[in-house]
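Listed below are the residues making up each chain.
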Amino acid sequence: MELLNVYQNSYLIVFVFLCLGVLLPVVALFLGKLLRPHKPSDEKYTTYESGIDPFHDSRVQFNVRYYIFALMFVIFDVETVFLYPWAVAYNKLGIFALIEMLIFVLMLVLGLAYAWKKKVLKWT
Amino acid sequence: MIEDLLQSNPGWANFGIFFLLGAVLLLVVLGFVTYGILAERKVMGYMQLRHGPNQVGGRWGLLQTVADVLKLLLKEDIIPKLADRPLFILAPVIAFAPSFMVLATIPFTDKFQFADIGIGLLYYIAVSGLTTIGVVAGGWASNNKYALLGGMRAAAQMISYEIPLVMSVLGIILLSGSLNLNDIVEAQKHGWYILLQPVAFIIFMIASVAELNRTPFDLPEAENELVAGYHVEYSGFRWAFFMLAEYVYLFAMSALITVIFLGGWLPPLSILGFIPGAVWFSLKFTLVLFIYIWFRVAFPRFRADKLMEFGWKVLLPIALANIFLTALIKTLFFS
Numbered sequence: 008m009e010l011l012n013v014y015q016n017s018y019l020i021v022f023v024f025l026c027l028g029v030l031l032p033v034v035a036l037f038l039g040k041l042l043r044p045h046k047p048s049d050e051k052y053t054t055y056e057s058g059i060d061p062f063h064d065s066r067v068q069f070n071v072r073y074y075i076f077a078l079m080f081v082i083f084d085v086e087t088v089f090l091y092p093w094a095v096a097y098n099k100l101g102i103f104a105l106i107e108m109l110i111f112v113l114m115l116v117l118g119l120a121y122a123w124k125k126k127v128l129k130w131t
Numbered sequence: 002m003i004e005d006l007l008q009s010n011p012g013w014a015n016f017g018i019f020f021l022l023g024a025v026l027l028l029v030v031l032g033f034v035t036y037g038i039l040a041e042r043k044v045m046g047y048m049q050l051r052h053g054p055n056q057v058g059g060r061w062g063l064l065q066t067v068a069d070v071l072k073l074l075l076k077e078d079i080i081p082k083l084a085d086r087p088l089f090i091l092a093p094v095i096a097f098a099p100s101f102m103v104l105a106t107i108p109f110t111d112k113f114q115f116a117d118i119g120i121g122l123l124y125y126i127a128v129s130g131l132t133t134i135g136v137v138a139g140g141w142a143s144n145n146k147y148a149l150l151g152g153m154r155a156a157a158q159m160i161s162y163e164i165p166l167v168m169s170v171l172g173i174i175l176l177s178g179s180l181n182l183n184d185i186v187e188a189q190k191h192g193w194y195i196l197l198q199p200v201a202f203i204i205f206m207i208a209s210v211a212e213l214n215r216t217p218f219d220l221p222e223a224e225n226e227l228v229a230g231y232h233v234e235y236s237g238f239r240w241a242f243f244m245l246a247e248y249v250y251l252f253a254m255s256a257l258i259t260v261i262f263l264g265g266w267l268p269p270l271s272i273l274g275f276i277p278g279a280v281w282f283s284l285k286f287t288l289v290l291f292i293y294i295w296f297r298v299a300f301p302r303f304r305a306d307k308l309m310e311f312g313w314k315v316l317l318p319i320a321l322a323n324i325f326l327t328a329l330i331k332t333l334f335f336s
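Protein sequence lines correspond, in order, to chains H and L.
Okay, so the first sequence: first residue is 8 according to the numbering used here, each after it adds one.
Okay, so the second sequence: first residue is 2 according to the numbering used here, each after it adds one.
Rather than coming from a laboratory, the hints here were simulated on the basis of the structure.
Just so you know, these numbers come straight off a predicted model, no measurement behind them.
All residues carry an ideal CB built from backbone N, CA and C; glycine is no exception.
Here are some of the chain H residues that sit facing chain L, going by a computed Cβ distance under 8 Å: (1) N12; (2) L19; (3) I20; (4) F24; (5) L25; (6) L27; (7) G28; (8) R66; (9) F69; (10) Y73; (11) T87; (12) Y97; (13) N98; (14) I102; (15) L128.
Whole structure, please, built from the sequences with the hints as guidance.
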């Protein structure tokens, strides 16, 4: 019972912190609204582009490598999802789990080596 | 006190008490940010043979940051006409809220701490990853080329360095066998993890600077190439919340390094145990903070391509090797 209470209270605290984290910007911006001046003019609301009039669409095409890095991130982040429980339970699992995990990580390292060889990691 | 509270029945009364305590912590953190910025400017000033702020608030410039914040509060709020309005308003909140949420699990001393959840470390890493979304959303919503480029760069950098960051911590989890930050501190009674896991510490330190977007890795907001990166279009208090998030993360990251590598509130020698844990925690915390400021003064900015290559080709393989070396040593010699 007590453990359950600690568990519930802890997540209650997390929720409280979330509320505070959202409330602070909301309250501060609301207070600011009462204090700050409001003198709109067309020039103020244009997009900044080093002093010249903005041209073309701002949503420019960007390097495709960003997507590739995002994909790599997903792969290795999922790997850590498997590594974390393994590391926590390592004391009970012993050498067999170590070898198993080594095989799993080696496969991913092969992937990394392949990406390296294919010059995916090079940013040019 | 907090232990009794944690063991009592959860309800609205508890919610109220936690809310008040959380608000106090929020004020403490805001005070830290105020004087952390001042300390940073002062230390940087002296390292560069100048004085730093010394006009507002006496010889030490003690009211400089307060004045800055008040000025920001009085700035006119400008949302560009082309911006994606709802997202533009939401982005600073998305960036800031997680930075405060991560503080919920950090044990400052054995008495002064908030949530005691079993997956404390994982919680920190998972929640801190959410800030990237706020940064990208801010860059996208601004509808500005510089902001978009800065946001994309920030996202690429933050996700790339998150991998070595989470991997380096695995060595510690292997040794302590727990993700709970209290257990991790207890496990350091016989030796801090900076001594047992020096490689992990170095990787974590480098990756955390990149996660914080601080100077050797401050590409997302590189002033002289992207003007200010993802927050070019932000002004006044909306901008302040991006900055605030950055400094609250600095606080959180220094506290986390103190907890997982430097033994938290434990004294370095057991003879020195008569000095309260809060003193030890703040001493170590200040040291880590000083090192972060020192980094900022000492190193020039990385080039964007070198930055990505360094993260994937150097830090990630070393972090992986460190995990298995740790596991192997543990199995062969300590089981």
